[in-house]
Amino acid sequence: MIRPLVLAIFGGFLLWMSLRSLRSQRLQERYVLLFIATGLPFLVLAVWPDGIVWLSEKMNMEKPTLMVFCLGSFTIVLLLKLFSIISVQQRQIASLAQMVGILTQKQPFSPPGAPPSGSLSAGNFQVPGSIPTNIPENLSEMISEAHQSEDLRSESETSEEG
Amino acid sequence: MAENLKFHKPDGTPARCLIIVPAFNEAGSIAQVVSGLHEHLPEVDVLVVDDGSIDQTHAHVPKTATVVRLPFNLGIGGAMQTGYRYADMHRYDVAVQVDGDGQHPPAEVSRVIQTLLDRQCDMIVGSRFLEETKYEQKISRMTGIHLLRLWIKLLCGQSFSDCTSGFRAANRDVIKSYAHWYPDDYPEPEVLLLLTRSNFAVEEIQVHMEQRTTGQTSISLTQGIFYVLKVATALLLDTIRNPWPDHKGKTS
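Protein chains in written order, with the working numbering: chain A, 1 to 162; chain B, 163 to 414.
One chain only, chain A, in its complex shape:
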């Protein structure tokens, strides 16, 4: 009796956590689906404990524990997927930080009539292929403040739900 209960609690907890994260916009739909796919088998096994035996017989596996191992390996694939997402996003964040730094650069003072080679006027920087944009000098601070307010907003939403 204990085993189905544990499976049901764990599977239900995974589903509840993923749906709660979706509601509070901390998890995107595509990742919620992954966690639903991870949590549902636990619920299925809770109401149908012999399911693992049935599945292992269908797969011609000698021992049902091998089937459990196969299902567990899904988690490893999931981790690989998540780490690849993190790696891509880390590179994107670094790229974004680099562009913020370049766009908010401080130019050297130009002597009259002789601008330093390759430099553009401060506050009117143009990326090749884009339209001229006036970039505020305190953009870095503005982005930092925006992040802080975003974090505060997320925290307040979470506390409201609780």
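Honestly, the hints are just simulated from the structure, not real lab data. Quick caveat, the model's predicted, so the values are computed rather than measured. Note that the Cβ used here is the ideal one computed from N, Cα and C, for glycine as well. Fair warning: there could be bad hints in the mix.
Said to hold, decoys possible - Derived lysine to aspartate or glutamate pairs resembling DMTMM-like cross-links, with alpha carbons at most 25 Å apart:
(1) A:81 / A:29
(2) A:81 / B:347
(3) B:338 / B:408
(4) B:296 / B:372
(5) A:81 / B:346
(6) B:171 / B:270
Claimed, not checked - Some chain A residues near chain B, calculated using beta-carbon distances under 8 Å:
(7) 46
(8) 98
(9) 102
Dock chain B against chain A, hints included.
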């Protein structure tokens, strides 16, 4: 003393050069480094990449240099790529990396640039160990450099006497490639392997370097033991990478 040099490409047109100075908490030395560069090379633009310093490094940079302040610390790889992206966006012909801690004498920069242009290679590395010098290094560090030198030679067939040197000049092709992709963790030895495997022409010249006096080294002593193993593994993984597929190599 100002050399008042103007560099020229092989076709005689002026070569636009940029000196990239990555700086992380280098408030004690950055002003002297930038002033020295401007004194020796008044024709060359200087870009300081302040890699999220917390000691107001940017405030100590002389007004003659351009400062790019990163909103947070990206590490040496991210800081240098910022400089190369800037160089690519502003169409510089040559970009030289000079450390912000004062190790790389400004007087040697012009020689590195001129050698790059004269030899028409893709990158020149300023080496401390190509010839016998009085530059002092700890035995453990020298052993590590020698091991990495052998490892790189085994993986790409070319030997580099100073694979950890950050004093290097790159031409337009390399600038564009770096702007597209640059290693994060151990960029100095990694790019030597990657550039060589991508058929870029990389050469070394002997340079004089000062002993480090201020700031903190990017690799702490406690990490030194694992540094060689980590870099060796990273280099091994680099052999299956092809970050610059568009570069087909120079036609002979």
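Right, here's what the structure says about each hint:
With a C-alpha separation of about 15 Å, the suggested pair residue 81 (chain A) and residue 29 (chain A) falls inside the 25 Å cut-off, and the hint holds. Simply put, residue 81 (chain A) and residue 347 (chain B) have alpha-carbon atoms about 22 Å apart, close enough for the 25 Å limit, and the pair holds. Between residue 338 (chain B) and residue 408 (chain B), the direct Cα distance comes to roughly 11 Å. Compliance with the 25 Å bound is thereby established for this hinted pair. Taking the CA atoms of residue 296 (chain B) and residue 372 (chain B), the gap is about 10 Å. The hint holds against a cut of 25 Å.
Under the criterion of a C-alpha separation no larger than 25 Å, the hint pairing residue 81 (chain A) with residue 346 (chain B) is consistent with the structure, at around 21 Å. Our distance criterion of 25 Å between C-alpha atoms is met by residue 171 (chain B) and residue 270 (chain B), whose separation comes to about 19 Å. Given hint, residue 46 (chain A) at the interface with chain B, is violated; its Cβ is 43 Å from that chain's nearest Cβ, farther than 8 Å. Against a cut-off of 8 Å between C-beta atoms, the interface hint on residue 98 (chain A) holds, since the closest Cβ of chain B lies about 4 Å away.
For residue 102 (chain A), the suggested interface contact is upheld, since its CB lies about 5 Å from the closest CB of chain B, less than 8 Å.
Checked against the numbered hints given earlier, this structure breaks only hint 7.
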